[in-house]
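A.B. asks: Make a model of the complete structure from these sequences and hints.
Sequence lines, in order, name chains A and B. Per my numbering, the very first residue in the first sequence carries number 834; after that it's consecutive. Per my numbering, the very first residue in the second sequence carries number 2; after that it's consecutive.
It is possible that some hints are incorrect.
To be verified - Calculated lysine-lysine pairs in the DSS-like style (CA-CA distance at most 27 angstroms, straight line):
# : chain 1 : residue 1 : chain 2 : residue 2
1 : A       : K882      : A       : K894
2 : B       : K19       : B       : K58
3 : B       : K58       : A       : K882
4 : A       : K882      : A       : K901
5 : A       : K882      : A       : K934
6 : B       : K58       : A       : K934
In case anyone wonders, no lab produced these hints; they're calculated from the structure.
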Amino acid sequence: AQSVTQPDIHITVSEGASLELRCNYSYGATPYLFWYVQSPGQGLQLLLKYFSGDTLVQGIKGFEAEFKRSQSSFNLRKPSVHWSDAAEYFCAVGAPGTASKLTFGTGTRLQVTL
Amino acid sequence: EADIYQTPRYLVIGTGKKITLECSQTMGHDKMYWYQQDPGMELHLIHYSYGVNSTEKGDLSSESTVSRIRTEHFPLTLESARPSHTSQYLCASSEPRAGDTEAFFGQGTRLTVV
Numbered sequence: 834a835q836s837v838t839q840p841d842i843h844i845t846v847s848e849g850a851s852l853e854l855r856c857n858y859s860y861g862a863t864p865y866l867f868w869y870v871q872s873p874g875q876g877l878q879l880l881l882k883y884f885s886g887d888t889l890v891q892g893i894k895g896f897e898a899e900f901k902r903s904q905s906s907f908n909l910r911k912p913s914v915h916w917s918d919a920a921e922y923f924c925a926v927g928a929p930g931t932a933s934k935l936t937f938g939t940g941t942r943l944q945v946t947l
Numbered sequence: 002e003a004d005i006y007q008t009p010r011y012l013v014i015g016t017g018k019k020i021t022l023e024c025s026q027t028m029g030h031d032k033m034y035w036y037q038q039d040p041g042m043e044l045h046l047i048h049y050s051y052g053v054n055s056t057e058k059g060d061l062s063s064e065s066t067v068s069r070i071r072t073e074h075f076p077l078t079l080e081s082a083r084p085s086h087t088s089q090y091l092c093a094s095s096e097p098r099a100g101d102t103e104a105f106f107g108q109g110t111r112l113t114v115v
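C.D. replies: This is how it looks when you write it as structure tokens:
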């Protein structure tokens with residue numbers, strides 16, 4: 834069965850500092866990988882996704898993620914964090930070849946200090 | 002901007018009451034999903050549908066039921082609410098004919114059973 838691990842429950846960074854959120858997955862085939870962001874009281878917004886090809890993917894709001902098959906990782910990065918980035922971030926893997934039936938990690942709560 | 006709507010956004014209800022959480026999407030997507038998210042926890046798939054008159058249970062066992070009589074509508078029902086049902090419920094949809102590359106989420110219903 835597929836699974837997703839986000840080792841960091843809570844991260845605090847200063848505004849303007851760089852950010853990396855970790856995500857490891859367990860999957861038997863080429864995964865479809867996603868990062869979602871959830872602001873308080875809101876639904877999920879897709880930041881970026883990886884299906885195949887270039888292992889460095891660009892997303893919205895200045896985020897990027899790198900797929901590393903050898904490490905089973907799909908870490909999310911941002912060079913310079915803004916206070917508005919404070920939210921919950923979820924990594925997810927989809928059913929084979931689709932965005933269906935997503936399996937989510939436990940999430941990482943990002944706090945940004947001014 | 003995704004066109005998927007959930008009502009109500011917040012619901013506080015007494016034990017034993019029957020409730021229905023509404024989810025509608027205007028994108029004509031065939032696939033729809035319900036996820037349950039407990040506070041500070043990951044999301045778990047509880048129901049999904051791949052089209053009209055098609056419903057399946059997800060990875061997490063749930064006492065709720067769903068129906069899919071129309072493509073755009075995927076309501077979730079609890080016949081007798083209990084405090085253990087207190088959670089946030091997120092509805093989502095995706096479209097296989099468009100490559101099924103993204104799941105769109107509603108803003109969620111936060112249910113509290115007292």
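A.B. asks: If a hint holds in the structure, say so; if it doesn't, say that too.
C.D. replies: Hint check results:
1. Restraint check: the Cα-Cα separation between K882 of chain A and K894 of chain A comes to about 14 angstroms, which is no more than 27 angstroms; the hinted pair holds.
2. Proximity of K19 of chain B to K58 of chain B is assessed by CA-CA distance (about 20 angstroms); at most 27 angstroms being required, the pair is judged to hold.
3. A C-alpha spacing of about 26 angstroms is found between K58 of chain B and K882 of chain A, which places the hinted pair at or below 27 angstroms, so the restraint holds.
4. For a cut-off of 27 angstroms, the pair hint linking K882 of chain A to K901 of chain A stands: about 14 angstroms separates their Cα positions.
5. The hinted pair formed by K882 of chain A and K934 of chain A meets the criterion: a straight-line CA distance of about 15 angstroms does not exceed 27 angstroms.
6. A distance of roughly 11 angstroms separates the Cα atoms of K58 of chain B and K934 of chain A; the hinted pair therefore holds under the 27 angstroms criterion.
Of the numbered hints stated above, none is contradicted by the structure.
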